[in-house]
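In the order they appear, the protein sequences are chains A and B.
Counting from 1, one number per residue, gives the positions in the first sequence under our numbering.
Counting from 1, one number per residue, gives the positions in the second sequence under our numbering.
If you are wondering where the hints come from, they were derived from the structure by calculation, not from laboratory data.
Which chain A residues stay away from chain B? Per the calculated CB distances, all over 10 Å, these:
1. I99
2. T114
3. R200
4. P317
5. L329
6. G330
7. L333
8. A378
9. K382
Quick look at which bits of chain A chain B covers, simulated, 3 or more residues with Cβ under 8 Å:
10. 45–51
11. 341–352
Residues of chain B clear of chain A, computed beta-carbon distances all greater than 10 Å:
12. I4
13. E143
14. E144
Note that the Cβ used here is the ideal one computed from N, Cα and C, for glycine as well.
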Amino acid sequence: MVEFYLQLHPVIQGLLKGLAVILVIFPIGGACSMAERKVSAWIQGRPGPNRASVPWISWIPFLGTFLQRLGIFHVMADGGKMLFKEDALPGHVNKFYFILAPIVAMIPALTTVTTVPFGAYLDEAGRVIPLALANVDIGLLAIFAVSSLGVYSLILAGWASNSKYPFLGGVRASAQLISYELSMTLSVVPLFLWVNEPGREATLGLGRVVEFQSQPGFMGGMWFLFIMPVSAFIFLTSLFAETNRQPFDMPESESDLVGGFHTEYGAFKWGLFFVAEYAHMVIGSAVFTLLFLGGWNPLPWVSLADMATWVHLADQPILLGVLSIGIFLGKVLAMIFFFMWVRWTVPRFRYDQVMEIGWKKLLPLAIANLLAYAIGIAIIQK
Amino acid sequence: MAVIPLERKPLTLIERTYVPQIVAGLKTTLTHLLRPKETLEYPEQRPAIPAGYRGVPTLVKDPHGREKCVSCQLCEFVCPPKAIRITPGEIAPGAPTSHVEKAPQEFEIDMLRCIYCGMCQEVCPEEAIFLQNQFSMTGYTREEMVNNKARLYELGGTLPDQHHKWDKKKTAEEHGNDRH
Numbered sequence: 001m002v003e004f005y006l007q008l009h010p011v012i013q014g015l016l017k018g019l020a021v022i023l024v025i026f027p028i029g030g031a032c033s034m035a036e037r038k039v040s041a042w043i044q045g046r047p048g049p050n051r052a053s054v055p056w057i058s059w060i061p062f063l064g065t066f067l068q069r070l071g072i073f074h075v076m077a078d079g080g081k082m083l084f085k086e087d088a089l090p091g092h093v094n095k096f097y098f099i100l101a102p103i104v105a106m107i108p109a110l111t112t113v114t115t116v117p118f119g120a121y122l123d124e125a126g127r128v129i130p131l132a133l134a135n136v137d138i139g140l141l142a143i144f145a146v147s148s149l150g151v152y153s154l155i156l157a158g159w160a161s162n163s164k165y166p167f168l169g170g171v172r173a174s175a176q177l178i179s180y181e182l183s184m185t186l187s188v189v190p191l192f193l194w195v196n197e198p199g200r201e202a203t204l205g206l207g208r209v210v211e212f213q214s215q216p217g218f219m220g221g222m223w224f225l226f227i228m229p230v231s232a233f234i235f236l237t238s239l240f241a242e243t244n245r246q247p248f249d250m251p252e253s254e255s256d257l258v259g260g261f262h263t264e265y266g267a268f269k270w271g272l273f274f275v276a277e278y279a280h281m282v283i284g285s286a287v288f289t290l291l292f293l294g295g296w297n298p299l300p301w302v303s304l305a306d307m308a309t310w311v312h313l314a315d316q317p318i319l320l321g322v323l324s325i326g327i328f329l330g331k332v333l334a335m336i337f338f339f340m341w342v343r344w345t346v347p348r349f350r351y352d353q354v355m356e357i358g359w360k361k362l363l364p365l366a367i368a369n370l371l372a373y374a375i376g377i378a379i380i381q382k
Numbered sequence: 001m002a003v004i005p006l007e008r009k010p011l012t013l014i015e016r017t018y019v020p021q022i023v024a025g026l027k028t029t030l031t032h033l034l035r036p037k038e039t040l041e042y043p044e045q046r047p048a049i050p051a052g053y054r055g056v057p058t059l060v061k062d063p064h065g066r067e068k069c070v071s072c073q074l075c076e077f078v079c080p081p082k083a084i085r086i087t088p089g090e091i092a093p094g095a096p097t098s099h100v101e102k103a104p105q106e107f108e109i110d111m112l113r114c115i116y117c118g119m120c121q122e123v124c125p126e127e128a129i130f131l132q133n134q135f136s137m138t139g140y141t142r143e144e145m146v147n148n149k150a151r152l153y154e155l156g157g158t159l160p161d162q163h164h165k166w167d168k169k170k171t172a173e174e175h176g177n178d179r180h
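Next up, chain A with everything else stripped away, as it sits in the complex (with noise of 0.2 Å):
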């Protein structure tokens, strides 16, 4: 089967490889709106959705009660609902961009999906390669460019929706999204700046990144995080902003915006928003995964190398490969749970709240931070 694969056409190979990334990360998304739920659920000490069944299904008897109980059924009765409810298109909109948003909502969501490794694996030599659809040299400069591409259908929602609510949740959107884009790029500065040694060929790819992290040594398989503690909470807070969640979901703000941009959509449409947002999610906790916990590293200081020796699968690309995703998507999926987590802790700020932690605490915070490592590094490496 691996020899069928591989006398392929590249352009084949590379479809399949992407239809079989979609069909993780789509599940993974409604998976995501479902865990939202239930730990909202049982942050607020309720047993949260659990009555949904499939006969045949539920009648399994201890695993079919388990999955009703955990609400799997309440994924595919939301995912029907949402796609066969009336779409109603209001009269005063410009249906043009109206339509356009939501579609321009998923396009950087999952384009940036292409240049995040997911996985890694052993070749003969024993240098481990690192799975991705396409593992490029401009990596993370890449996701920056193209997630940051998706507050244009946030405006363009808030904007074609023609009424006061959308309107300033656009506007806000678009401040927000601009203000944190800065610290965080600004924080992940210093860690390429230690990444890219002198003579070595310069990279912002984030195989890259994991490959430092999985070094042999005290200071080798250190992950980012306990190296840059500041780089992390800065990038890991202007995250939060970035994806618009809770304590900063200025676009939405329910509490004051009815809906924020999308106050005038419905059914599927808004269905796409959710699905973008979840998607952005999942893609930035695996660019944290990826710089500051280690990536497929299976914990600090063991690096998948180590662990494919101790459980004899360094010969074995394929289940090796299968093992490396796992640990990836666990630390991902916990990440997804950190964000759930603070949402029900940390109650959101005031958009003026917002825009003063971002412009005179953030950037002030990670440029510093930036000159520190810098200085550092210049010391260290030099």
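Using the hints, position chain B against chain A.
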């Protein structure tokens, strides 16, 4: 009361970053996440009904199976929303309880009008009408929401009786005393 002056300390640098507070908050929400759930999953789990609860009004029988209502119509007259409608009737002369003389021919409580005030229970001289534990009363039509006599006895069942008033009267009469 003594006035206790409190020293108001300015926030330290670490406090002003909010990080310790957020960590403490995360700890609180995590304990809530792991705690047993508060929800009562209604149709399967029912709430404990406290004593003296005023649920759906019902008619009850005494432990000997005698219907206690004598159709005096006091409840009908006292009912604030006029939910009760009684058609009085007589007990056939040959029946064992014929000395009670009267019993309702029809007894209807319109549950769309009933306000669950419990005045019918309070006013009843025969202790025949009780607001019991049933709290959920549903139906698809207006007619379904009117409880007739049969339904009222079905809902009410039998409650213990401390007096057995009419039995005492019957024995008194048999011993030659005036039953009134």
